[in-house]
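Each chain is listed here by its residues.
2 protein chains.
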Amino acid sequence: MIDIDALRSGNRRALGKAITLLESTRADHRVSAEQLLESIMPYTGESIRIGITGVPGVGKSSLIEVLGNYVAGLGKRVAVLTIDPSSSLTGGSILGDKTRMETLSINPSAFIRPSPSQTTLGGVARRTQEAVLVCEAAGFDVIIVETVGVGQSETLVASMTDVFVLMLLPGSGDELQGIKRGIMELADIAVINKADGELKGKATRAAADIKHALQLIQPRLAQWRVPVEVTSALENRGIDEVWQRICDYSDTLGKAALLERRQVQSRQWFWNETRERLLDELKSSQFVKADFGSLERQVMSGELPPSIAAGQLVTKFLEQKK
Amino acid sequence: MIDIDALRSGNRRALGKAITLLESTRADHRVSAEQLLESIMPYTGESIRIGITGVPGVGKSSLIEVLGNYVAGLGKRVAVLTIDPSSSLTGGSILGDKTRMETLSINPSAFIRPSPSQTTLGGVARRTQEAVLVCEAAGFDVIIVETVGVGQSETLVASMTDVFVLMLLPGSGDELQGIKRGIMELADIAVINKADGELKGKATRAAADIKHALQLIQPRLAQWRVPVEVTSALENRGIDEVWQRICDYSDTLGKAALLERRQVQSRQWFWNETRERLLDELKSSQFVKADFGSLERQVMSGELPPSIAAGQLVTKFLEQKK
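For the record, the sequence lines run as chains A and B. Mapped onto our numbering, the consecutive letters of the first sequence carry residue numbers 33 to 354. Mapped onto our numbering, the consecutive letters of the second sequence carry residue numbers 33 to 354.
Only chain A is shown next, with the shape it has when bound in the complex (with noise of 0.2 Å):
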């Protein structure tokens, strides 16, 4: 059982057992994790939830690890956290690997939490937007979500933190062809990483190539105009920018647009999660899991139109259920 005081109290430990709870799949372990979620919501929402992006080797373990400790810094606590779709399928986290935190992860303002190694990217992130609300309950003021730029990784992110952060590579055009596509559109705040060394001027004229790009895309949000900051994690430069560019999204919003954000997110993931837990149902249920198989076949091979394999597997599944 966890030990609620010493969670709310911020103790590591706790915490850390919290979220291994949370991402267990034993169904006994389910009932206590639900357990504790519904007795920490009380003590949740008020962090400032940040979800951070980028394709691999624009530097964004460097970049949170120096943001993470400018924000500590200014007295705040910071959670760490990632969804790293790759982990899902070689079993073990690469982002969330520690080490490539070094300073931060030894930070006592700083927790640091490893992807879980799902087997679906919907589970790891189920399990991550419970787990922003455990780090919530736990009293860490700043939640980062970071993920690399695959799959559906980053939308999942940008649907449960308030600010989105793409970052991007110091190159322009067809250098820059690594934006997955409709990224850029998730986007709140831009940031073009490792502007040192050579890739200084680089890195201006990109932040110009998107500046112009953002243009062409439709704002998400009347209000805000994406800023696009140029940094550099390895010289700790343009970090204060950027936080402060965050702080300005939380404040040009204000807290009743934040909220209902938050509020939209809570309902879509609800019913998202009804959506899921109903197919995840249908698909673990032993009186139909024969016929995927064959269903699939017919409907690739187009004998059977995708609907109604569809009805017929559906009524099967509920029939059984009478």
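No lab work stands behind these hints, which were simulated from the structure alone. Be aware that one or more of the hints could be misleading.
[Unchecked claim] Covered stretches of chain B, as calculated for chain A (at least 3 residues, CB under 8 Å):
(1) 59 to 71
(2) 156 to 166
(3) 228 to 238
(4) 293 to 301
(5) 336 to 348
Every residue gets a Cβ at the ideal spot worked out from N, C-alpha and C, and that includes glycine.
The hints should help you fit chain B onto chain A, whose structure is shown.
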């Protein structure tokens, strides 16, 4: 009952009746609709499925009219289906208004079908996907699915077509902000329309801007660079090039790749249908309906974690099935 032979011979009346049957929400109609679909599946899949989107006023109907007549002139039969989210709201279709495609609607080689006015976009899209199959069974070689760039409609259209055409206005920078977030990333072909009169020059500059913006985005397919065509539906210029790009696209990918794309689409469509149908069943269940409002409130107020609320709802729903 639908006369399958008349339908397969391309009889417009039979085709219209068949699509009306697909769109009906009556349970018994649904049964006959699925029987119809099952019986025509062997005769589907032979068309090229083209998705076309763009902001209102970009001239989608005008382009489709001249493109449709051009393709009909090549001896092909063209069907035009529309997904118009606004029609789901107003109950009447705007895009599908035949009077907006006067010459195409009287072209013996063409068939134009307005958007069904269903309550949910998802519902409209699901029926449209089925309508594509029926048009193929009726021997149409080219099927154009038109949608206005609103909500998620273009994502849905992209997921049911072989090639996705994004239409843009001849403007640049801020003028282009009408482009919805994420749409640019879906485009296989970009078309700048209204390149006539004083807008000619602007269109050329816009084309350069779009080419630049597209460079910043990871290509959807490694073997295909998204071309940007400049057209004037009004003066009937650039239409043959657009058709040529569509043919280039399908040649470049090749039969195997297009088939694979469709197989992936079909499998996704199958699992999406399954997910949606499960949620439909839950949402229409008198046994749990009463709980929706209170659960949403508790979730939005932060009393209840979404995962728990969802768990409660799903458990209760499946319980009463027992």
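Hint check results:
{"no.": "1", "hint": "59 to 71", "in the structure": "holds (count 3)"}
{"no.": "2", "hint": "156 to 166", "in the structure": "holds (count 4)"}
{"no.": "3", "hint": "228 to 238", "in the structure": "violated (count 0)"}
{"no.": "4", "hint": "293 to 301", "in the structure": "holds (count 4)"}
{"no.": "5", "hint": "336 to 348", "in the structure": "holds (count 10)"}
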